[in-house]
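Undergrad: So the chains spell out like this:
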Amino acid sequence: MTSSGTKAAQQPRVGLFATCLVDLFRPSVGFASVKLLQDAGCEVHVPVAQTCCGQPAYNTGDRADTREIAEQVIEAFEEFDFIVAPSGSCASMLRKHYPGLFEGDAAWEDRAKAFSAKCHELISFLTDVMMVRDTGAALEARITYHDSCSGLRELGIKEQPRKLLGNVSGVEVREMTDSDVCCGFGGTFCVKYSDISNAIVTKKVGNIDTSGADMLLAGDLGCLMNMAGKLKRQGSDVEVRHVAEVLAGMTSQPPIAGSGK
Amino acid sequence: MELTANKFKANASKALVDAQLQKALGNVEKGFIGKRQKAADALPEFDALRDNARDIKNHVLEHLDLYLEEYERKVTAAGGHVHWAETAEDARRIVLEICKKANARTVTKGKSMITEEIALNDHLEANGIEPVETDLGEYIIQLRGEHPSHIIAPAVHLNKEQVEGDFRRVHTHLPEGRDLSEPVSLLSEAREVLRQRYFAADVGITGANFLIAETGTSVIVTNEGNGDLTQTLGKVHVVVASIEKIVPTLEDTSQILRVLARSATGQDMSVYTTFSTGPKREEDPDGPDEYHVVLLDNGRSAMLGTEYQDMLRCIRCGACMNHCPVYHAVGGHAYGSVYPGPMGAVLTPSLNGIDETGQLPNASTFCGRCEAVCPMRIPLPKMMRHWREREFERNLTPAVARYGLKAWAFFAKRPKLYRFGASFAMPLLSLFGGTSRRFHSLPFAGGWTRHRDLPAPEGRTFLQAWAQREAQKQETGQ
Amino acid sequence: MSARENVLSKIRASMRVPSSDDKRREAVAARLENSPAGIIPGRAQLPKAGQVDLFCSMAEQFGATLARVSDYKAVAAEVTTYLRSHNLPAEIRMGADKRLKKAGWETEKNLEIRHGASDGGDLAGVSHAMAGIAETGTLALASGQDNPTTINFLPEHHIVVLKAGDIKGDMESVWAMLRKAQGKGEMPRAFNLITGPSRSGDIEQTILLGAHGPRALHVIVVD
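Chains as they are written, first to last, in my numbering: chain A, 1 to 261; chain B, 1 to 478; chain C, 1 to 223.
Keep in mind that the hints were calculated from the coordinates and are not lab data. Among the hints, erroneous ones may be present.
[Unchecked claim] No more than 27 Å apart at the CA atoms, straight line, and that leaves these computed lysine-lysine pairs for DSS-like:
(1) B:Lys382 <-> C:Lys10
(2) B:Lys413 <-> A:Lys203
(3) B:Lys38 <-> A:Lys158
(4) A:Lys192 <-> B:Lys382
(5) A:Lys113 <-> B:Lys413
(6) B:Lys9 <-> A:Lys192
(7) B:Lys473 <-> A:Lys35
(8) A:Lys203 <-> B:Lys7
(9) B:Lys406 <-> A:Lys96
(10) B:Lys14 <-> A:Lys203
(11) B:Lys160 <-> A:Lys203
(12) A:Lys118 <-> B:Lys35
(13) B:Lys9 <-> A:Lys203
(14) B:Lys382 <-> A:Lys96
(15) A:Lys203 <-> B:Lys35
(16) B:Lys160 <-> A:Lys96
(17) A:Lys158 <-> A:Lys113
(18) A:Lys192 <-> B:Lys7
(19) B:Lys30 <-> A:Lys158
(20) A:Lys158 <-> B:Lys35
(21) B:Lys406 <-> A:Lys203
(22) A:Lys192 <-> B:Lys413
Input sequences plus hints: build the corresponding full structure.
TA: Right under this line is the structure:
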């Protein structure tokens, strides 16, 4: 066996589930995810037959479409050792909600369970599975971190991003009040009930301001776009990025909703 | 009360600009959340107790008919009367009959959400009987002609100035110059006014937090003592309770009691936890001469065996609404139903049909905080999602949402088409985003841009950019 | 069919109960018979002296005031001390509890004692608790001639005498006591678990003492 063959055999094969928001709105997060995974020793693949995890259909009550999309995702990704998504809500969909879609279906039930067991959110995958402690990044910034709901409550993600941020030299983490309270995005909620969503995100933005941070990070692009959009509407200078961008040391592109310095 | 759940969005918009309400709602977040956390942190067994409480209730629901029969047997053996009500109307009729037999002119009431559910007060009044709410919060809203906005803190939507205004308006027999600027003076006044009413009442009506099958006992959990005065001083005590309130034994009751007050108000125990069994006995110098229990179904039996059965574990602690960002923003009245907040969003469609109440389970971000704090481990977001599924099946989902979703799903199921569309749509949109990299407004995106800017896409999609990068690597032989 | 039959049969239909449901009946009978205790918090699983101390500190934490006396004969004096220090007239309402008969009343000649249920005109009432629960500083009182229920709720001040030996760690131990006294499945007409003086948070979530029940709760623990 050649040395490169041995190396390849040791490297976990990771299928990157980019998520629709990253794919359509902010590919930088995708590239940051790739870098983090490769640096951690993974062989990263990006199947082309990926679009969406099915959450919009799922949360609107359209179980039939959700199942079809889920089957597509499973077929495209089940060959990999791990499936990783830079989003708590999409990862939770794959890991926690997919099995329920196939309950009682002899052909799919076990297949879905096996698939879901391999699905992870990006940051917690790095710390809990690949045992990464330090991504080697450096950045002068006072950062506050928003705990997106699905990642926090369905996947238990709370300490992991803080551990990695703590090791980014130059970063000072400033916790905001109620960092673990919803930002008001909620998928279609923010447009269906936009006034209520606005009330919730206004509170969140108030807490971001009081934290004294100059940068806001989180692990979910939907939340980030919601908070960035509100910050900008209020004329705030706070820079908003996905946490993967900072951890990967890739912060040269403009922040979310911003024109950059 | 009139069900206006499907006016939720309009109600909510009004609530958001109601300055007095917004000020009062600050108390919900500030008070309840920290107190519950403190109580939970102080009890190492708290989470294990929640699991056990869930298991006890599940066991009860699996055997509900048998426990109800045993409960009835014990109540009757203790000299009490059990009445069965299939509907709210039946329950109202039964309670009215009991009151009329007792020649009641006034009845005192302990705080009882079930009597709100069956709209008992209106029915009594329409039949010439005056119901007097004795719980301070319920008394205040009765003066205002309002309904509770929270299942354990009925007047949480009010400021003390509003309460002062109502007391001055109604308690005209008291000196005008009296100082009512502080809550403590309001409380003293209510105590004085209501004390007379307890003695004048012929019948006392309460709900029940628990009905214990082992002993035929009804349990009320209060802080004020009003429930106890209501049920002890009247000649007749009527308990109105829905059938899922049954617990098997005294020990089971203790298990659930340990998580109830902690989850509701952050107290280890509420001040008064009272176990009542039957009417006055020979050796009793006080107590009611008659003891009646009205067991209400009103849709519960139809929830059993369905995906909404877990909702029957609810012990009405209010923790879910105390932690809900939507409830914090709009308060309880916006829900337009007897039960607000997350538990209301799941229960109300069961009681009143999804047609009339669909907005409630839709008004959630699924943040999951409710489920995280529920002492009975009820999967509230999951059940809200099930209601959305029922709506979708019956074409009740609003057209915009339905067609928007269908369009999205159409592309999402066809990756090649999706790629094709995105490959020019995203760069185009990105171009329109200009140097600011965001949109202040955008056609079809009004829901978003009304309150916030929309970030512009970077340009090419990730899949596009990745494919290009991989192709480059191949060319350069990396 | 009666409403009762309708409700029960609807439940059975929803749960798809088989026509022969012996298994379910056995499960119900077993639970009612065995009354499994569940999870008892470790907080009050202490030696006796520790339980008494815990009861006292918890009761105080929840707004009661406390006094400890070494003997029943000292109770009456403690009662008059309490009344005096709160500027209350030397009058109390009390039941027929035998344990309170020898409480040293003969030393308090000016104290007027009214017996029986309270009629709402009492500023102070005296009861004897059946037990105390250390876990939460809670008093357990049973209805009856000995300790009429109205004395627990109508007077402004409620004074409760409690034997230190009757302080248990948890609620479950009190159920055991009750079953021993009354028999399994039997309860007094009213059984009150009382933790502190009455209170309300209904106005702006401000906690205030003295809602409809007593404004003050004073516990006299007799060693």
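Undergrad: Compare the structure with each hint and give your call.
TA: Comparing the hints with the structure gives:
1. As the CA atoms of lysine 382 (chain B) and lysine 10 (chain C) are separated by approximately 25 Å, the hinted pair is consistent with the 27 Å bound.
2. Between lysine 413 (chain B) and lysine 203 (chain A) the alpha-carbon distance is near 37 Å, which puts this suggested pair outside the 27 Å criterion.
3. Under the criterion of a C-alpha separation no larger than 27 Å, the hint pairing lysine 38 (chain B) with lysine 158 (chain A) is consistent with the structure, at around 20 Å.
4. A hinted pair counts as satisfied when its Cα atoms are at most 27 Å apart, and lysine 192 (chain A) with lysine 382 (chain B) qualifies at roughly 19 Å.
5. Between the alpha carbons of lysine 113 (chain A) and lysine 413 (chain B) the distance comes to roughly 21 Å, so the proposed pair stays at or under 27 Å and holds.
6. With a C-alpha separation of about 9 Å, the suggested pair lysine 9 (chain B) and lysine 192 (chain A) falls inside the 27 Å cut-off, and the hint holds.
7. Pair hint lysine 473 (chain B) plus lysine 35 (chain A) holds up; C-alpha atoms about 15 Å apart against a cutoff of 27 Å.
8. A hinted pair counts as satisfied when its Cα atoms are at most 27 Å apart, and lysine 203 (chain A) with lysine 7 (chain B) qualifies at roughly 25 Å.
9. The hinted pair formed by lysine 406 (chain B) and lysine 96 (chain A) meets the criterion: a straight-line CA distance of about 24 Å does not exceed 27 Å.
10. Between the alpha carbons of lysine 14 (chain B) and lysine 203 (chain A) the distance comes to roughly 18 Å, so the proposed pair stays at or under 27 Å and holds.
11. With a C-alpha separation of about 24 Å, the suggested pairing of lysine 160 (chain B) with lysine 203 (chain A) holds against the 27 Å cut-off.
12. At most 27 Å may separate the alpha-carbon atoms for a hinted pair to count; lysine 118 (chain A) and lysine 35 (chain B) exceed this at roughly 39 Å.
13. Pair hint lysine 9 (chain B) plus lysine 203 (chain A) holds up; C-alpha atoms about 20 Å apart against a cutoff of 27 Å.
14. Between lysine 382 (chain B) and lysine 96 (chain A) the alpha-carbon distance is near 12 Å, which keeps this suggested pair within the 27 Å criterion.
15. Between lysine 203 (chain A) and lysine 35 (chain B), the direct Cα distance comes to roughly 21 Å. Compliance with the 27 Å bound is thereby established for this hinted pair.
16. Distance hint between lysine 160 (chain B) and lysine 96 (chain A) is unfulfilled; the C-alpha atoms sit about 46 Å from each other, more than 27 Å.
17. Annotation: proposed proximity of lysine 158 (chain A) to lysine 113 (chain A) holds, straight-line Cα distance about 25 Å (limit 27 Å).
18. For the proposed pair lysine 192 (chain A) and lysine 7 (chain B), the alpha carbon gap of about 14 Å is at most 27 Å, so the pair holds.
19. This hinted pair checks out: lysine 30 (chain B) and lysine 158 (chain A) have alpha carbons roughly 23 Å apart, not beyond 27 Å.
20. For the hint pairing lysine 158 (chain A) with lysine 35 (chain B), the CA-to-CA distance comes to about 22 Å; that is within 27 Å, so the pair holds.
21. The suggested pairing of lysine 406 (chain B) with lysine 203 (chain A) is violated, with an alpha-carbon distance near 33 Å, which exceeds 27 Å.
22. Between lysine 192 (chain A) and lysine 413 (chain B) the CA atoms are separated by roughly 24 Å; this keeps the pair inside 27 Å, and the hint holds.
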